[in-house]
Amino acid sequence: DAMVIQNPRYQVTQFGKPVTLSCSQTLNHNVMYWYQQKSSQAPKLLFHYYDKDFNNEADTPDNFQSRRPNTSFCFLDIRSPGLGDAAMYLCATSVQLAGVPKNIQYFGAGTRLSVL
Amino acid sequence: SQQGEEDPQALSIQEGENATMNCSYKTSINNLQWYRQNSGRGLVHLILIRSNEREKHSGRLRVTLDTSKKSSSLLITASRAADTASYFCATVPHTGGYQKVTFGTGTKLQVIP
Numbered sequence: 001d002a003m004v005i006q007n008p009r010y011q012v013t014q015f016g017k018p019v020t021l022s023c024s025q026t027l028n029h030n031v032m033y034w035y036q037q038k039s040s041q042a043p044k045l046l047f048h049y050y051d052k053d054f055n056n057e058a059d060t061p062d063n064f065q066s067r068r069p070n071t072s073f074c075f076l077d078i079r080s081p082g083l084g085d086a087a088m089y090l091c092a093t094s095v096q097l098a099g100v101p102k103n104i105q106y107f108g109a110g111t112r113l114s115v116l
Numbered sequence: 001s002q003q004g005e006e007d008p009q010a011l012s013i014q015e016g017e018n019a020t021m022n023c024s025y026k027t028s029i030n031n032l033q034w035y036r037q038n039s040g041r042g043l044v045h046l047i048l049i050r051s052n053e054r055e056k057h058s059g060r061l062r063v064t065l066d067t068s069k070k071s072s073s074l075l076i077t078a079s080r081a082a083d084t085a086s087y088f089c090a091t092v093p094h095t096g097g098y099q100k101v102t103f104g105t106g107t108k109l110q111v112i113p
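In order, the protein sequence lines correspond to chains P and C. Residue numbering for the first sequence follows the working numbering, starting at 1 and increasing by one per position. Residue numbering for the second sequence follows the working numbering, starting at 1 and increasing by one per position.
One should not assume that every hint holds.
[To be verified] Here are the simulated lysine-lysine pairs, DSSO-like style, with alpha carbons at most 30 Å apart:
1. C:K100 <-> C:K56
2. C:K70 <-> P:K38
3. P:K44 <-> C:K26
The set of hints was computed from the structure by calculation and includes no laboratory data.
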């Protein structure tokens, strides 16, 4: 089945130790997103790739970076995780066609990050 | 700031009852969507309603949209224990270019068997 896959499901890292979360998709969608979700809160968009174009949200800390080497894969790099970065990280995809503003999002199961 | 505010924040009902969740938003939209999130999982798209639509049905789900009041409601009829989840509304703005989705604060629904 076509889907969005996030690995790992659970990640534990140490304060300040870089960590990378991965996302892959078999939907061939042109847009990929990374969201941060803390307990009982709405998902907060960190950034997205529209095809190869990277779009950072204004309030996303510099500590968070992303790479999209090809259509199928996208990575979230946290350069120096702090305790406040412990959260669920959700990857999502969508199809964006010019002039068709539907934007239904397809989510992976998420990676829960713990920072010790 | 959050585009959508939802109420109630939490809702607990008995199995078989109907559940109604409300969403209010601030700016003009192209469409509004509802998503469901089971605990510890990703979000799943449930239904999309366009700004020129007033009501939409999908199985046991009924969504209404009132653009004059900038509000939407999600009704789940004949609820089941498996409907226990958080429900989020999400809005897509009525602007040109890329259409960013903004999620509301969510309603946590508990259906008691």
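Evaluation of the provided hints:
{"no.": "1", "hint": "C:K100 <-> C:K56", "result": "22 Å, holds"}
{"no.": "2", "hint": "C:K70 <-> P:K38", "result": "26 Å, holds"}
{"no.": "3", "hint": "P:K44 <-> C:K26", "result": "17 Å, holds"}
When held up to the earlier numbered hints, the structure conflicts with none and fits them all.
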